[in-house]
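A.B. asks: Based on the sequences and whatever the hints tell you, model everything.
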Amino acid sequence: MDALLQLNAVSQAYAGKPVIDNMSFQLAEGEIACLLGSSGCGKTTVLRCIAGFEPLRGGDIRLNGERIAAPGYNKPAHLRAVGMVFQDYALFPHLDVAANVGFGLRGLGDGERKARIGLMLEVVGLSALAGAYPHELSGGQQQRVALARALAPRPRLLLLDEPFSNLDVDLRQRLSHEVRGILKEQGMTAIMVTHDQQEAFAMADKVGVMHHGHLQQWASPYQLYHEPASRYVADFIGQGAFVPAVISGPQCVTLEVGEYCSLTPLAYQVGAQVDVLLRPDDVVHDDHSELTAVVKGKVFMGSEFMYTLQLPSGQQVLAQVPSHHNHAIGEAIGIRLELDHLIAFAR
Amino acid sequence: MDFSQIIPSLPSLWDGMKLTLQLLLLAVAGGIALGTVLALARMSNSALLSGFAKAYVNYFRSIPLLLVITWFYLAVPMILNWITGEFVAVGAFTSCLVAFVMFEAAYYCEIVRAGIQSISKGQINAAYAVGMTYSQAMRLIILPQAFRKMTPLLLQQTIILFQDTSLVYAVGLIDFLNAARARGDIMGQSHEFLIFAGAVYFVISFGASSLVKRLQKRLAV
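Chains as they are written, first to last, in full-length UniProt numbering: chain A, 1 to 347; chain B, 1 to 221.
Note that these hints are calculated values from the structure, not bench results.
Watch out, some of these pointers could steer you wrong.
[As the list claims (entries may be wrong)] Below, in silico cross-link-like pairs of lysine-lysine (BS3-like), each with a Cα-Cα straight-line distance of 27 Å or less:
id, chain 1, residue 1, chain 2, residue 2
1, A, K17, A, K114
2, B, K121, A, K75
3, B, K18, B, K213
4, A, K17, B, K121
5, B, K121, B, K217
6, B, K18, B, K121
[To be verified] Derived Cβ-Cβ restraints for the label pairs, each shown as a range:
id, chain 1, residue 1, chain 2, residue 2, range
7, A, Q87, B, M43, 19 to 29 Å
8, B, E86, A, P55, 46 to 56 Å
9, A, G16, B, F206, 53 to 63 Å
10, B, L49, A, S165, 37 to 47 Å
11, A, Q87, B, F206, 38 to 48 Å
12, A, Q87, B, L26, 38 to 48 Å
Keep in mind it's a predicted model, so treat the numbers as computed, not measured.
Using N, Cα and C, we set each Cβ at its ideal position, and we do this for glycine too.
C.D. replies: Here it is, written out as structure tokens:
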């Protein structure tokens, strides 16, 4: 399938300081992507470039095959059919909910416009509040109005800039599922920016991890977690520990706790020193295992404990264990490793 | 002190007040319109437009209003003469109105500019993101919000303008102050008439100013 959105070697700089560096990715129609990174990594700038609020320094952006931005060329934002939901919602305070949603529909006839507004408010569940003003709404409701306003003119692409960051955790989770549902139902192609990986995992088909203006990896949430392409991604996504090991075969490594083999070849010479990534869910508690580790710390997380375990060498690893296995600190417990995805980085 | 002649003189004083108010309303409407255009020009990306607007504002804010009024009294007919090639009779009222509009526009421009700049940049981006052009975004989103915010400042400036209209006596227009002065001379009670005029200016200006303060409080909530 042809990509709806293509970024080719896009670069942007402020005052000579690169903010986006040679960034490329593609998004297919109907896909939801998420740019994930800590603040200042350039992720919002990427959105602003796609929306047309900022000119490019290098590369180009194509929407539906048409070049919409390149150095020296910037298709005006209002002609791009790219909708956007802003971090602060940017609702129009002097217009009521219906007028906010209908604002982008000025080209339509009265009847058609009303019908579209009604439909959009129904989609976001706000039909009863059509006549309310933004300041009379809660944060979650304002968020929904912003979404309805952005969707109403049927954009080709929807951009969401940290859309849930002003909401409390509960609402954030509920709304991110809800918004994904709405976008999928509308067949909308979307890119969201966030610094919250749970949010990214919950919303996105594809996640791009950004660091200092570089796109580190562009992959599904599952791949990012289990097959991180760089040490930075491995560290940034999820939890885990890097454990020293030696490559002992084309597909195998030897750790202090034994030899483990991967299903796929490893990109290292036999004998090379590497660090192997152990996720908390790779370390399985097993009372029958001969391999033991000492509990050094534990965090109760409801259905699970997150144990910090110490191996004989002193190396610490994290283990995620169902919470009915309640062990005391200092106790030695049996573990085994389930390394389906063996991730090693050169040391 | 003998205020006895004031009541019988009220009709002619009212004629003067009508001229004052007429001049005020037209000058405010024209000044805000021209001021808004200047503000947009001043914020434009074009160096020529913004340079012109800046020079205009700085110029008119640096010269006395009385000078502008007298100067326009002489200049407006002259300029019209240049353009049309014939003598056009321009009344003192029209030349004063032009002077006020052009002078006040410089002040209104700065108020409008501050008002527009107080609206978050996100609002115009949000308008672009639903497909609006710059002029639609300005007209429908930015200016309505900006004018709401700057209403108190615009009204304060209008109260100052109300007082400044009295300067038209320099070119012989019979506004409220001039009417009071002339009437007082005729009646031989010039002190009393001027005191009365002062009281009227005070009551109107102070009353309006208090109303604006109350409005400001209500808008701030």
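A.B. asks: Now look at each hint and say whether the structure bears it out.
C.D. replies: Hint by hint, here is what the structure shows:
The suggested pairing of A/K17 with A/K114 is violated, with an alpha-carbon distance near 47 Å, which exceeds 27 Å. Straight-line distance between C-alpha atoms of B/K121 and A/K75 comes to about 19 Å, which keeps the hinted pair within the 27 Å bound. The hinted pair formed by B/K18 and B/K213 meets the criterion: a straight-line CA distance of about 26 Å does not exceed 27 Å. Taking the CA atoms of A/K17 and B/K121, the gap is near 23 Å; set against the 27 Å cutoff, the hint holds.
For the given pair, B/K121 sits about 25 Å from B/K217 by alpha-carbon distance, which is consistent with the 27 Å threshold. Between B/K18 and B/K121, the direct Cα distance comes to roughly 43 Å. Violation of the 27 Å bound is thereby established for this hinted pair. For the pair A/Q87 and B/M43, the beta carbons lie near 24 Å from each other, so the given range of 19 to 29 Å is met. Restraint check, B/E86 to A/P55: a C-beta distance of roughly 53 Å satisfies the suggested window 46 to 56 Å.
Under the hint 53 to 63 Å, the C-beta atoms of A/G16 and B/F206, about 56 Å apart, fit the expected range. Under the hint 37 to 47 Å, the C-beta atoms of B/L49 and A/S165, about 38 Å apart, fit the expected range. Separation of A/Q87 from B/F206 is about 45 Å and conforms to the stated range, judged on CB atoms against 38 to 48 Å. Taking 38 to 48 Å as the suggested C-beta distance range, the pair A/Q87 and B/L26 conforms, at roughly 45 Å.
Violated hints for the displayed structure, listed by number in ascending order: 1 and 6.
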